[in-house]
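Enquirer: Chains as they are written, first to last, in our numbering: chain A, 2 to 385; chain B, 2 to 385; chain C, 2 to 385; chain D, 2 to 385.
Incorrect hints may appear among the rest.
Since copy identity is lost for identical chains, a pair holds within one copy or between any two.
[Unchecked claim] Pairs of lysine to any residue residues, derived as SDA-like cross-links and limited to a Cα-Cα distance of at most 25 angstroms, are as follows:
#1 K187 <-> F22
#2 K187 <-> R316
#3 K187 <-> L296
Think of the hints as simulated: they come from the structure by calculation, not from any bench.
Protein chains: 4
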Amino acid sequence: MNDEIPPRLRYAMVGGGHGAFIGAVHRHAIALDGLAELAAGALSATPEKALASGRALGLTEDNNHPSWQALLDAELKRPPAERVDAVVIVTPTDSHFPIAQAFAAASFNVVCDKPLVHTSVQADTLVATVAEQGGVFGVTYNYTGYPMVRQAREMVRSGSLGATRKVVVEYNQGWLATALESTGNKQAGWRTDPARSGIAGALGDIGSHAENLISTVTGLAIEELVADLGALVPGRALDDDASMLLRFEGGARGVLVASQINAGLENDLRLRVTGERGTLEWRQEEPNRLVHYRLDGPTEILTRASPWLGDAARRAVRLPSGHPEGFIEAFANVYRGIFADIRARRAGVTADPLDADYPTVADGARGVHFIERAVASSAERRWL
Amino acid sequence: MNDEIPPRLRYAMVGGGHGAFIGAVHRHAIALDGLAELAAGALSATPEKALASGRALGLTEDNNHPSWQALLDAELKRPPAERVDAVVIVTPTDSHFPIAQAFAAASFNVVCDKPLVHTSVQADTLVATVAEQGGVFGVTYNYTGYPMVRQAREMVRSGSLGATRKVVVEYNQGWLATALESTGNKQAGWRTDPARSGIAGALGDIGSHAENLISTVTGLAIEELVADLGALVPGRALDDDASMLLRFEGGARGVLVASQINAGLENDLRLRVTGERGTLEWRQEEPNRLVHYRLDGPTEILTRASPWLGDAARRAVRLPSGHPEGFIEAFANVYRGIFADIRARRAGVTADPLDADYPTVADGARGVHFIERAVASSAERRWL
Amino acid sequence: MNDEIPPRLRYAMVGGGHGAFIGAVHRHAIALDGLAELAAGALSATPEKALASGRALGLTEDNNHPSWQALLDAELKRPPAERVDAVVIVTPTDSHFPIAQAFAAASFNVVCDKPLVHTSVQADTLVATVAEQGGVFGVTYNYTGYPMVRQAREMVRSGSLGATRKVVVEYNQGWLATALESTGNKQAGWRTDPARSGIAGALGDIGSHAENLISTVTGLAIEELVADLGALVPGRALDDDASMLLRFEGGARGVLVASQINAGLENDLRLRVTGERGTLEWRQEEPNRLVHYRLDGPTEILTRASPWLGDAARRAVRLPSGHPEGFIEAFANVYRGIFADIRARRAGVTADPLDADYPTVADGARGVHFIERAVASSAERRWL
Amino acid sequence: MNDEIPPRLRYAMVGGGHGAFIGAVHRHAIALDGLAELAAGALSATPEKALASGRALGLTEDNNHPSWQALLDAELKRPPAERVDAVVIVTPTDSHFPIAQAFAAASFNVVCDKPLVHTSVQADTLVATVAEQGGVFGVTYNYTGYPMVRQAREMVRSGSLGATRKVVVEYNQGWLATALESTGNKQAGWRTDPARSGIAGALGDIGSHAENLISTVTGLAIEELVADLGALVPGRALDDDASMLLRFEGGARGVLVASQINAGLENDLRLRVTGERGTLEWRQEEPNRLVHYRLDGPTEILTRASPWLGDAARRAVRLPSGHPEGFIEAFANVYRGIFADIRARRAGVTADPLDADYPTVADGARGVHFIERAVASSAERRWL
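Only chain A is shown next, with the shape it has when bound in the complex (with noise of 0.2 angstroms):
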């Protein structure tokens, strides 16, 4: 654990003022490293929100916007090495579009909550412009920083469990087995709003992590894939339960489950991976081990911080084995992986691959279509 630091960066965040759950929690996986700090922001859609949210955070006045385009407007007034060194978006899904594509167009670094957009064509464009403007572009697939996700994918990739076989994962909630967004609850009203959340409920909002994770993990792509989408909750509008069968480049098999109503599940991603040797499986919810089934030889429980855990892993711990690490650091290192790109391409070096280890726009755009494709092969009824 070190905590001696360069001077900090300095980020503005455009959504999550008051009562908004997802802004705190980037607010707080951000001060865990304290490699940045709260510089500017516009918290909310509706401007006295944002202003409100923004003086109970220390903002000043200037720094303290009504409106994400007050807040682009005020920066790029700013001779470019004043301006902040990156824009966290941390909206409802429906704004993430306009805003990254203004930012990003604008040569800001730009972090964005997943999903990253509503449709494919988006994507492209975002994609596009960033790599014409060449910032650094972060997606906050946070489930990838876990220690154990990484240290799973380099063994995976490494080759020491032999090509991929067989692919199993699970996103279960619970939290929608009634119809919670009837009640009033903000999270869930969003979420089962397609004005909001376009075209896909679960599978946007846990299904697009769990396609990370695969992606992430196997760095296999899905070649085709057949969906079952439903509304399981009566009279909810947008898909509750998504599962479907994958298949993969090169052979591998595939099965996909993201479902918000299996009630009494809290937030419950597993992942199982098998390969000709052997079979990773990791869950969220006990994040500190990676269970290893061998071919040759007996189970192991590969645990965090853990002498013989790879580099990636390594790198990603804070605390000694059995103190146990969360959600939280997972989702710092997200961040640790954006703010070091961010600082080597300062100093105009390229990072060490390891230490800009996070989700890129094109991992985001790469979900946007995954999401296309299932909830067409759905309403098809087909395998596309």
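Given the structure of chain A, go ahead and fit chains B, C and D onto it with the hints provided.
Expert: Positioned in the frame of chain A, the structure of chains B, C and D alone reads:
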């Protein structure tokens, strides 16, 4: 635990001679309760081996036969009251139909291993024969004999979880992760050989258990499915990996995975059933517990033989809670149900359904239809 | 799994009639392998009940006796070759000594439940008698029959963990958390009654198992101990909770807990043995696995019937890995060892120690000494 | 998760410079909530190292001191309103007393790592000083900051389990299974050195946590104990293994184990508390769950942030259920309590006890008395 028993039933066994794993399992399961004893046999398709096996198991000469036809002939020559009470068929699948059909047609009570037969035509024929002749016909889907599976069935079917919304069942093994059939392994040999196993490999061997587990616990019929079967180990003639999406009558959705290439896994059958008010989770490798996630309270761990279980589970235990029971007791519970039904019919009464609790020829036939449909869906790559 | 057996041995049972839990467990355990059959009995201390129980279990009149003395007399009148091969004693502890002593003195092979007898004088007398007469004498410390306990024994004794440094064993149950003995419960009645259970309650009933488990796995003698016994449920005459510190020959330290007042726990026997290079952990309620923490690598989960186990564990399994075995198989393994020894002696040969693997009268006697010493230490409140 | 905060408190740190593990943990824990910032320091006993460490952490020159005395002098020269709000002491144990005593005597609020001091005389002196001067004095028994520990405390102390009957706490680590101190390892060096760690090794380092956990959860005073301390790794000067039996006021019994030689274990702190009507079990390595075994119903798994928890646990969480929190959040909860008390006193009010929820100098002193008593019991080999 009670072993004060009425006079033992007498059973004949077809197949299960020297070196046949599953035959010995059946005999041990029957021996556990002492409700029946091996009285006759045709223990191998090879006459010399059949006779040698029978001698080793203590059969007298007149009850030890070189073929199942000889067994049938000899039994039919006896007065009905002196014939065996049941015929247990534990041969490879390809011979199930002729043997079961012959004995059922001759009004014997029959117990047959799963999958029942190779084709749905055979299955329907057998169902009709049993219906005509009126004998008992049990199919040893042994996993349904676990007390906690019966508890799950009672909780789901009684409606205490509300209507079923989602079912996920996985049956993963690793023993066929290599081309074991090319090493002379007898089990691997016949299970990967279309001539002896029919149109399905993993799907038939263990997918049939998975389907039966869903059906037993939920009672829901599968209306549609889309399946993806693969032979992921190079050179294999039958599927060693099967995944599918399910739609049930009434709107519930499901996922079924059956795979024998999960390197390092043993016999990992897992079930999760989600209803409106709760979710149940069970794993065959920890069979004495059932996890009950609840919408309205903390998760509960239900344990075998604890006082809060229902009738079905309570009747299926032999030992107090905390004294683990396992595979053999579950298997024996299926036999206990079959024998209870035989005794009841002998006595001219209808058995209590919780006593005569076992999978029947109808379950076996439904399983064969399921296999055919899944194979067709995978071949045609579409929903059926 | 093999059930091709030599001619069955014949055993007599003393105690274990109607309603006696443990007698039925012994009979089921013996039945599992079919190595012996119940041939005679004196199944209760109440003559009428003894005879009725014998009839219910199918004993013929001449083998069904109103008392153990009558059984002994009848057997002695037969030619030696026609006597039973073993006498199984499953009465409450107070009658173990006279019965076991009488049969051992008459050169019968004896199997006796634990704790062996009430006093160390009795125990030493019995050891001497057995030594003189040369019969087999097994004590059913059944937990040592678990394959993974035998695996732990092999790993510890072979030195693969280095010298043993620390042993912690806990045996916690909850069934005596209330004054169950005051409700007429038969089990609770005799186990909390000094007249029938001797000087120790929980310590004798389950602490004796805990001591035996330590001794079996480590082979270390207890040199000193300090114990604290309590009757934590008001009004109880014998201890229901016992804890002690241990010092072993060679310098290892230990802790032993045996308690029956852990409300809500079932039969939670746990063992942890620490050597210089690793630590083993086993729980009776998940008996098919053994956790191996290692100084020089990831933790391993060893599973029953997996290929990497040693000889002792391999011989103690009936089913493949992933097919759970439990309490009854472990119990049956103790009997299998006893019967193997009886057969070997009959054949005039020395049995392979891994076949004749069972706790002997010496183990039983050591357990009685242990109980006496612990009771004295607690009474005198000092190290002994 | 809320990060809208009042102006930050300012703290000074003594010890915790370059390479000191625990100092960085304290700083990260404080940073997580942003309630206070590092404002001054004397970060090492070596002046040059102290100053270099302070610079690396961004301390200004006038707040960066070569020794704790210099820090104290500088602070005292300032007007009271400009002094730091708290002094955090994270030096090896031998220097706790002079530093803590000096700052407490000067009316500073103090936070001190555990164990508090070397002798009970020192501890009592410090208690008296704090009582006279009236400052806040927190001791960082960080494990009591876990939400599920606070839940256990509420359940036990509210009487919902009935009177406590038995407590078993084990704190097992493996990092001192070899003579690590002879390899130059700094942590191992001072923790096994009587000059710096006092009379106890494992007992002081982790046994103190175990004692505090018992005391926190049950509120019961230890009346008598018999302890056995050993240095099981050859050549070690202080105990690396400690076990003891406990008797509590009111009749409950207990067992405490603290050992650092459990090869392969990480940081395995476990607690089990048995009351008349139920038993609670908690493991630090899976801190988000608390198992509740019940006399009158199925076992419950209580999870962090679930709706059925009490007030104390509810206030101690930052993230929703299923989003794992760990060690750093628990540590931060202790600081949150300390800072809440400081703020309340500043405001002249009494803090809500559930806000000002932290171990005090009285807890620290009780821990020192406990260590002395256990060392004496082991040396005299008797109950004390």
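Enquirer: Hint by hint, note whether the structure agrees.
Expert: These are the hints, each one checked on the structure:
no.: 1; hint: K187 <-> F22; in the structure: within (10 angstroms within a copy, 41 angstroms between copies)
no.: 2; hint: K187 <-> R316; in the structure: between (37 angstroms within a copy, 22 angstroms between copies)
no.: 3; hint: K187 <-> L296; in the structure: between (48 angstroms within a copy, 20 angstroms between copies)
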